[in-house]
Structure formats: structure tokens, C-alpha cells
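Enquirer: Residue strings, one per chain:
There are 2 protein chains.
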Amino acid sequence: MGEQLKIFAPATIANISCGFDVLGLCLDGVGDEMTIRKVTSKGVRITKIIGQDLPLEVEKNVAGVAALALLTNLDRELDFGFEIEIKKNIKPGSGIGSSAASAAGAVFAINRLLGNPYDQTELVKFAMQGEQLASGNAHADNVAPAIFGGFTLVRCYDPLDIISIHTPKELVATVIHPQIEVKTADSRAVLKPTVTLKDAITQWGNVGGLISGLYTEDYDLISRSLKDVIVEPLRAILIPGFDKVKQAAIEAGALGSGISGSGPSIFALSKGKENANKVAKAMQSIYENVGIDYDIHVAGINAEGVKVIDQPILEL
Amino acid sequence: MGEQLKIFAPATIANISCGFDVLGLCLDGVGDEMTIRKVTSKGVRITKIIGQDLPLEVEKNVAGVAALALLTNLDRELDFGFEIEIKKNIKPGSGIGSSAASAAGAVFAINRLLGNPYDQTELVKFAMQGEQLASGNAHADNVAPAIFGGFTLVRCYDPLDIISIHTPKELVATVIHPQIEVKTADSRAVLKPTVTLKDAITQWGNVGGLISGLYTEDYDLISRSLKDVIVEPLRAILIPGFDKVKQAAIEAGALGSGISGSGPSIFALSKGKENANKVAKAMQSIYENVGIDYDIHVAGINAEGVKVIDQPILEL
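For the protein sequence lines, the chains are A and B, in the order given. For the first sequence, counting from 1, position 109 maps to 109 in the UniProt record's numbering; every step adds exactly one. For the second sequence, counting from 1, position 101 maps to 101 in the UniProt record's numbering; every step adds exactly one.
Because the hints were derived from the structure by calculation, they are not lab data. Because the structure is a prediction, the values reported are computed rather than measured.
Copies of the same chain look alike in the list, so a pair counts if it fits in one copy or across any two.
In the BS3-like style, the derived pairs of lysine-lysine whose C-alpha atoms are separated by at most 30 Å in a straight line are:
1. 60 to 198
2. 42 to 87
3. 273 to 244
Construct the entire structure; sequences and hints are all you get.
Expert: Structure follows, in C-alpha cells:
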């Protein structure tokens, strides 16, 4: 008894242009810190949330719900429990996987404290229950990269099949978060239930090109493939200045740019940190000109996913 | 003057389950032989076709049309011409790229005899003119693998962007051709102009999985990804016994099975030649039981594409 883990729970970018609902990537250095402590009293408690006003009730908190999903699945009853503290750096609703970070962090740490009874795909399943609470949709495109790290493909949900995709070392993300609210419900509502076969073929050609470009580290091919003819044209309208920010990113040398998750954050991918910084300047200049507040991050790709940053052994 | 090339023009499988209109692969040992000869009289002539009753008129022959497309594009007028002989082993209408082989072979050989002024992608463009004649649709999903070899992805047509995909060494194809006619017009007519977003996402998840499995030589992942939820359910009905043949292939150990191109050939992919032979037996037993004639091939993947098999220098 008495162990605790301090972990880093990373932000993630879902969809990545052509890969709507299947692709995601994990960011380096952008994310929450969580402390998960094994305690003598049974069950799960969220003891503290710093940085955001989020519910402490376990059943209303994504980390709590994900943790309960894991514990309920265990084939034994524990005679101890867990306390969770969250230092929330990722703003909820920003479109870079805020709820996914909390859910992924909780299940990763509890699994570790239990001696790793579950593999990464099983952890994704539990974390998806947190996503269900957050958005009404148990999707995996943020929790998968948060847990696996790097680029991930959610090939299939039934059964859940998550593939780690090779990540070129020089790929750097720029993400800008305009301080406006886009409700997940709205971003779902603008989608159409059908698409033309022609557009679908274009999209899966680009998915094939992007995956190929990632494996062969062909930055030109990655750039040519970072296109979304299906979702971006519908959702872009919900994000003020989207077209201008994207254009500024491309003109500044980005390989591609698109909506991060369901927005409102806009991401760009570049080759190398220097380019990514130039792209950041170009993107933020658009929001500065019109007076929209923003956060901006320049981040490499985090190949590890959730990770332990401190593991003191406490004597209780 | 006086050079001639004897080449092997390979059969190809287009679509490959999830990769409708974008993926293709090149077969080893199944294909036509063509002899292309530089002659003093200008223009292109088809001098002989062995094995099939196909038009000798240049403008009505896919090899002729493709050759003319290349020659018309040259920035100089030649003071010589070309004669083409075709030994046609691939049956037209079989669904394994019969027209593509002739078109690809013609442009490959003429390009070689001219000192290779064009790259592979440009050759695909010329060969697509042959496909336009053959099917009314200048598609590249057979000519691309015929020219590049291995697995290819036609990411985009405008501009044409063809990607060579890594091909695992142990992958072996089985192709069965039931001797029935499926008109290309019919196989196009059953397609629907729209698809559900849900099915489209499933399909591009599988495209991503298949491409990833090819690069990592993960045969299980290749197997899980060889699924087509969009086109196969509509086209299968045009091919007698499709479901049974596919099921027999899978039960005999194939990684996956589907319609080759627009049919009627049915392909399966297996790990290793031994498995592919077992799969062949299982597939042919279905047609034997119902008395449908068939051709069957077991073939490795041809990484080279069209190739020179003999290059005598003739003295005229």
C-alpha cells in the first residue's frame, strides 16, 4: 500500500485531415499532470482538480468513469482503492483531447499500480467510457494516441483494433486554439449521413498516401495526402477564420493544416521545429489581426503516450 | 534501327477489397508476351495478335492507342516507327487487367526503345488512354501496378500521383476466373453514387490498416484489413458462387479474398505458396461442383512490373 504515480497525460490531435474518426497523434509537452494514489479505502475518488472547474463526483468525471470501467472489469474485488488528483492544463472543449487525456491517464496509472493486468487496447476500451461521458460518443481517436503514443489508426471498433503507425522523427505539430466555443453537438450536426462515392475514394486514397508517407518518412507525400474533402468543408464554417489560418500555415511552409478533432483548435504539421515555429507565427497573426484570443502550442510527436514522470514510494 | 524488345506484360489485380479505385498489385508469371520492333516506316502498327481475337487497327487496339498517346506527346517527330506483336495469354474481360497489360507493355517498350524519355507515372498516363478505349474510363488501378510492379496506390488523378507500396515477400495471390462474362457496364451500373459516412469510415480504416500491414509485413493485420463494405456487397451478385468461393478460400487459410477488379475473377491472398495452393484447390472445388469452367493461377507478387525478357539486336 501507499504507492502513487505522477503521470503526464498528453494532448492529442484526432482525425488529421483525411483520417476522420480513425487517425490520431500524440503531442509532446502539451498535457495534464495527474497523481494517482493507492489508498486503503475502496473505490475511486477524485480528490483535487487544479486549473479547471470540473466535477469531482466520480460518475460525472471522465477520469472517474474510465477508472470505474477498468475496476469493474477486474475479476477480483480489491481491498483498496484509488485517489486521483488532476492538474488540468488542457482546456476542455479545445479540440485537443482534454477528456481523452484525463481518461487515458487514469486507466494507465491504475493499470500500472495493479501490475499491468491490461494491454494498451484494453486500456483504450476503458478510457472510451470517459469519452462516452464527455461527448456522448465512445470514440477512440483521441484516447488511442494518448495511450499508444505516436500516430495511431483505429481500424475497427468491433472488435477494437488499434494500429501504431510509424512516426517520422522530424514531424512537428503546431496547434492554435481560438478562445471560442464549438459545441460537440454542433460539430456533429453539420456532418451529412452520406457522402459521394467519388469523395470517399478521394479520401481513402489520401489515407493510403498519408500512412505510406509516414512509414517511408516521405514528407512531400505526407503533405500531398493531408487533405480532407469530406468533413473539413462542412465543419470549417464553425471556426472563425479557419480558411485564413490554414492558408497562412501552408504559405508559411506547413506540410498541411486542418481541424484538430472537432475543433475549434486548428493544427498544422511541419518538417522540423524551425518551420513549425514560423507556421505558429503565421497562424497567430490571423487571430491577432481580428482580436480573437488564442493559445498556441508547437510540439513534437510524443512516441510514448501517457508516461510516468515521478514514482515515489510513500510510507503510509 | 533494327532494335526490338521482347517483354513480359503482367496481369494485375485492382481494388484489393477495401482499396476500390486506388489499390492494385502486379502478378508474377501471369501475363502476355509482346515484341516491339523499331522499323523504318513511321507510325505504329499491330502486326500480329496470337491467342485472342482482338482488333489489329491501331486506333481500336489498347496497345495501339497507348502507343499513339506516347508518340503524340513527344516533342519531336520521329523518322521511324514501331511494330507491335502480342501473344495474348490474359483473356479480355477476365478482371485481371488484360487491357492494362497490353497498354502498359506497349508504352514501356517504346519508351525503352526511345531511351526512356518518360518516367513511370508518365507511362501510366499514356497507358490510361488504352484503358479509356477498353472500358470508357481512363483508370489507372491496373496500369499503375503493371508499370510500377508490386502494390501501388493511385492517390490522386489530378495531378496523377502513384505511390509504390512495400510488398511483403511471402504474399502469394490465387486468382480464379470463372468462364462467364460480366460486362464492365453492368459492374459499374450496380454501384451507388453515394455511400454512408459510416461505411466510408470503415473502408478508409481498412485502407489504413492494409497499407500499414504491407509496410510492417504484419500478415494478421493485412488479413483483418482485407474487407470491402462498399463495392463487394453490390458487385458480388454478378459473379456466380462468389460467396461460396470466397468462404472456401478463407476456410482454406487465405488472408482475404475478394473481387479482382470488376470481376468476374476472384482473388485471394495467402502467406506462402503452399497456403496459396491449398486455397486454389478450395476455390476451384466450388466451380467444379457446379460445372462452371474456370482458369486458375497461383502467383507471387511481381515487384518489377513490365520487364524485358529478350533484347536481340537485329541487323536490318
